[in-house]
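K.L.:
The listed protein sequences derive, respectively, from chains L and A.
1 is the number of the first residue of the first sequence in my numbering; add one for each residue after it.
1 is the number of the first residue of the second sequence in my numbering; add one for each residue after it.
Note that these hints are calculated values from the structure, not bench results.
Treat the hints loosely; a few may be bogus.
Intra- or inter-copy, both count: the list cannot distinguish identical chains.
[Stated by the list, open to error] Here are the simulated SDA-like cross-link-like pairs (lysine to any residue), alpha carbons at most 20 angstroms apart as the crow flies:
1) K42 to L121
2) K170 to G182
3) K306 to Q283
4) K23 to G295
5) K170 to A181
6) K306 to A293
7) K170 to H109
8) K42 to R173
9) K250 to A197
10) K250 to E227
11) K273 to Y98
12) K42 to A64
13) K170 to D184
14) K291 to E190
15) K42 to N191
16) K170 to E318
17) K45 to P169
18) K250 to L187
19) K250 to Y193
20) K273 to W186
21) K306 to N191
22) K273 to A197
2 protein chains.
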Amino acid sequence: MSEPADIIAALRNCNRLLISVHKNPDGDALGSQLALMLALEKSNKTVVAQNIDPVPEIYRFLPASSRIKTGSTVEGRYDAILVLDADPPRTGLFDGNYPADTRINIDHHITNPAEWPLTWLAPSASATGEMVYELIQRLGIPMDREIALCLYTAIFTDTGSFRYSNTTPKSMRIAADLIEAGADPWLVTENVYESFAYRRIKLLGNVLAGVERTEDGRIAWVVVTEELFRRFGASSEDTENFINFVRSTKGVEVAILFRQTAALQYKISLRSKGRVDLSGLAQSLGGGGHKNAAGSTVDGTLDEVKERVIGAVNNAVEAQLGSASLDGRRS
Amino acid sequence: MSEPADIIAALRNCNRLLISVHKNPDGDALGSQLALMLALEKSNKTVVAQNIDPVPEIYRFLPASSRIKTGSTVEGRYDAILVLDADPPRTGLFDGNYPADTRINIDHHITNPAEWPLTWLAPSASATGEMVYELIQRLGIPMDREIALCLYTAIFTDTGSFRYSNTTPKSMRIAADLIEAGADPWLVTENVYESFAYRRIKLLGNVLAGVERTEDGRIAWVVVTEELFRRFGASSEDTENFINFVRSTKGVEVAILFRQTAALQYKISLRSKGRVDLSGLAQSLGGGGHKNAAGSTVDGTLDEVKERVIGAVNNAVEAQLGSASLDGRRS
Numbered sequence: 001m002s003e004p005a006d007i008i009a010a011l012r013n014c015n016r017l018l019i020s021v022h023k024n025p026d027g028d029a030l031g032s033q034l035a036l037m038l039a040l041e042k043s044n045k046t047v048v049a050q051n052i053d054p055v056p057e058i059y060r061f062l063p064a065s066s067r068i069k070t071g072s073t074v075e076g077r078y079d080a081i082l083v084l085d086a087d088p089p090r091t092g093l094f095d096g097n098y099p100a101d102t103r104i105n106i107d108h109h110i111t112n113p114a115e116w117p118l119t120w121l122a123p124s125a126s127a128t129g130e131m132v133y134e135l136i137q138r139l140g141i142p143m144d145r146e147i148a149l150c151l152y153t154a155i156f157t158d159t160g161s162f163r164y165s166n167t168t169p170k171s172m173r174i175a176a177d178l179i180e181a182g183a184d185p186w187l188v189t190e191n192v193y194e195s196f197a198y199r200r201i202k203l204l205g206n207v208l209a210g211v212e213r214t215e216d217g218r219i220a221w222v223v224v225t226e227e228l229f230r231r232f233g234a235s236s237e238d239t240e241n242f243i244n245f246v247r248s249t250k251g252v253e254v255a256i257l258f259r260q261t262a263a264l265q266y267k268i269s270l271r272s273k274g275r276v277d278l279s280g281l282a283q284s285l286g287g288g289g290h291k292n293a294a295g296s297t298v299d300g301t302l303d304e305v306k307e308r309v310i311g312a313v314n315n316a317v318e319a320q321l322g323s324a325s326l327d328g329r330r331s
Numbered sequence: 001m002s003e004p005a006d007i008i009a010a011l012r013n014c015n016r017l018l019i020s021v022h023k024n025p026d027g028d029a030l031g032s033q034l035a036l037m038l039a040l041e042k043s044n045k046t047v048v049a050q051n052i053d054p055v056p057e058i059y060r061f062l063p064a065s066s067r068i069k070t071g072s073t074v075e076g077r078y079d080a081i082l083v084l085d086a087d088p089p090r091t092g093l094f095d096g097n098y099p100a101d102t103r104i105n106i107d108h109h110i111t112n113p114a115e116w117p118l119t120w121l122a123p124s125a126s127a128t129g130e131m132v133y134e135l136i137q138r139l140g141i142p143m144d145r146e147i148a149l150c151l152y153t154a155i156f157t158d159t160g161s162f163r164y165s166n167t168t169p170k171s172m173r174i175a176a177d178l179i180e181a182g183a184d185p186w187l188v189t190e191n192v193y194e195s196f197a198y199r200r201i202k203l204l205g206n207v208l209a210g211v212e213r214t215e216d217g218r219i220a221w222v223v224v225t226e227e228l229f230r231r232f233g234a235s236s237e238d239t240e241n242f243i244n245f246v247r248s249t250k251g252v253e254v255a256i257l258f259r260q261t262a263a264l265q266y267k268i269s270l271r272s273k274g275r276v277d278l279s280g281l282a283q284s285l286g287g288g289g290h291k292n293a294a295g296s297t298v299d300g301t302l303d304e305v306k307e308r309v310i311g312a313v314n315n316a317v318e319a320q321l322g323s324a325s326l327d328g329r330r331s
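For reference, chain L alone in the conformation it holds in the complex (with noise of 0.2 angstroms):
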């Protein structure tokens, strides 16, 4: 594991950079990237963006988004890749076959293996823009209105707006800097909380209504079928953070999302409260996934699945907070 001084020195001797991100990339990611990007080119380095993914419509917004690069064939070499919010092979890319001698990973998820020597892995951070922020300021690379609405970007959605307990006084004071420098606050809460598509607000009105919960209202959860897909012409990435209105009720400590995949499948997610830890549930259901935030992917009908996931979260809910005091349920 590697320090941002060694970073910033491998840095010094590279001209021409790629920067890529994770699969499915988020705000914290694409934030990042294009920070340092737009940082890195006032330094009058060459840099390429490429994920394997698009960029959400969410963020599209963001300042030269539109210059990322998209697929999963990486073209020609480069003097420096640099991996950012995620460990490398989250990238999709590359193939085990990296096109660049120095290879630099930057990271505040703690689940990073740190594998390459240059990696700068900070879990205190909020969020890996956090981290950017730092890196930019070190290079000397002055701050301006673009860089800094990428980054305020980047840890307002790894905060949940600042919401949740990776929330410190840090982030607060960087976020304030950046403001100064130029970010928008509402601009980005427009783009990033604001600019549903309709066929979303229907979809998520048909999908809370069906909301069901235990006896012990600790467990709770919603189903999006194919056919409600259908009927609303809408897809999964409509369904980002349905699961979080599930959460935020009273009394719930797990919640669940069942996805429908295909006719026999269905993808599932969970969250925590934060008092019942997920980490090892998930394996069991065979995926992936934290202490507050787990999925997998379970084969069988609707009902099967349901039984099947509904019970495994119920087992863990209760070797981990004992049995349910019915008294405790609450509206």
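With chain L held as given, fit chain A onto it using these hints.
P.N.:
Here is chain A on its own, set in the frame of chain L:
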């Protein structure tokens, strides 16, 4: 209009204080009220907090919130009355007979007419909580975890968790200080945004499933009927924020919520995304409001009320933004 220095001087001479906030108190009003009560008690004042309306359930996690008295009759006399976050008549208390010679008004709403000589008005503050933070600092009262939690909640809620355009570098830096003093961002989030009644999520689903919009997509609306309230055992408190889901739809400039209050009566809420000014419109419908938020109560059948309100909103949208370009309608 006054400065905090005058208010500080006045406070030094008072020992028995009453603090009140506006009807239907929100997070900023209550957080400011409780923080100032706790701080003044630390400097050995006797403080009573009283409002006309009770503390909403989501704010009962605030320290000392159970000590806020409720009711329209104020008993006894005080050395000073402090009204926070509102023009004094908006407390709904006192009926013009204020039982104290010293009257202090602290508010960030630009609409406050500042009729009391000791009025401190700071429209640039994101929240009254920001002003109370400054006041406590200038009074030399040390910050503690409980006061910090109250002030953090005040700023957090009035900026919509740092999403709205009133979010400034100063509000972010104060929030950083408050986290350092012990305010827990997730504790506030969990109580304010993650503790909705189960009936609310069912109601939300059924309401959103019925969303409609105009041909050009610039006006969208939902309806909450008495039948829906009955079906889910829900009440108007459960509909808070519903209109924001409608506003957050792409292309929507004005969102409308029709909430049935009697067989032939509907309460109308309007929200603008910022480009349509609603202040005149609310007046023409017999209600009140500001640029981005307005409301009214309209009599009639649902069809009559919808036709009248949507027609008026459409006139306002066309007058202010021009005729619709149907090309502009997205998804």
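K.L.:
State for each hint whether it applies.
P.N.:
Here is what the structure says about each hint:
Taking CA atoms no more than 20 angstroms apart as the test, K42 paired with L121 passes in neither setting, with 25 angstroms inside one copy and 43 angstroms between copies. Taking CA atoms no more than 20 angstroms apart as the test, K170 paired with G182 passes in both settings, with 19 angstroms inside one copy and 14 angstroms between copies. In this homomeric assembly, K306 and Q283 come within 20 angstroms of each other (Cα to Cα) only inside a single copy, at 17 angstroms, whereas the closest approach across copies is 52 angstroms. In the homo-oligomer, the alpha carbons of K23 and G295 lie at most 20 angstroms apart inside one protomer (15 angstroms), although the nearest pairing across protomers, at 44 angstroms, exceeds that limit.
Within a single copy, K170 and A181 get their C-alpha atoms as close as 17 angstroms, and across copies as close as 13 angstroms, so both meet the 20 angstroms cut-off. In this homomeric assembly, K306 and A293 come within 20 angstroms of each other (Cα to Cα) only inside a single copy, at 18 angstroms, whereas the closest approach across copies is 42 angstroms. Only within a single protomer do K170 and H109 lie at most 20 angstroms apart by alpha-carbon distance; the minimum there is 17 angstroms, versus 29 angstroms between protomers. Taking the shortest alpha-carbon separations for K42 and R173, neither the intra-copy value of 24 angstroms nor the inter-copy value of 29 angstroms comes in at or below 20 angstroms.
Proximity of K250 and A197 under a CA criterion of 20 angstroms is satisfied inter-copy only: 6 angstroms between copies versus 28 angstroms inside one chain copy. Taking the shortest Cα distances, K250 and E227 never come within 20 angstroms of each other, neither inside one copy (29 angstroms) nor across copies (24 angstroms). In this homomeric assembly, K273 and Y98 never come within 20 angstroms of each other (Cα to Cα): the closest approach is 39 angstroms inside a single copy and 46 angstroms across copies. Taking CA atoms no more than 20 angstroms apart as the test, K42 paired with A64 passes inside one copy only; the shortest distance there is 13 angstroms, against 53 angstroms between copies.
In this assembly of identical chains, K170 and D184 lie within 20 angstroms of each other by CA distance both inside one copy and across copies; the values are 19 angstroms within and 14 angstroms between. In this assembly of identical chains, K291 and E190 lie within 20 angstroms of each other by CA distance solely across copies; the values are 17 angstroms between and 30 angstroms within a copy. In this assembly of identical chains, the alpha carbons of K42 and N191 never lie at most 20 angstroms apart, being 26 angstroms within a copy and 44 angstroms across copies at closest. Taking identical chains as interchangeable, the C-alpha atoms of K170 and E318 are never at most 20 angstroms apart, the minima being 37 angstroms within one chain and 45 angstroms between chains.
In this homomeric assembly, K45 and P169 never come within 20 angstroms of each other (Cα to Cα): the closest approach is 33 angstroms inside a single copy and 31 angstroms across copies. Proximity of K250 and L187 under a CA criterion of 20 angstroms is satisfied inter-copy only: 13 angstroms between copies versus 31 angstroms inside one chain copy. Taking the shortest alpha-carbon separations for K250 and Y193, only the inter-copy value of 10 angstroms comes in at or below 20 angstroms, while the best intra-copy value is 23 angstroms. Taking the closest pair of Cα atoms, K273 and W186 come within 20 angstroms of each other only across two copies (10 angstroms); inside a single copy the shortest separation is 27 angstroms, beyond that limit.
In this assembly of identical chains, the alpha carbons of K306 and N191 never lie at most 20 angstroms apart, being 35 angstroms within a copy and 29 angstroms across copies at closest. Taking the shortest Cα distances, K273 and A197 sit within 20 angstroms of each other only across copies (15 angstroms), while inside one copy they are farther apart (27 angstroms).
When each numbered hint is compared with the structure, violations occur for hints 1, 8, 10, 11, 15, 16, 17, 21.
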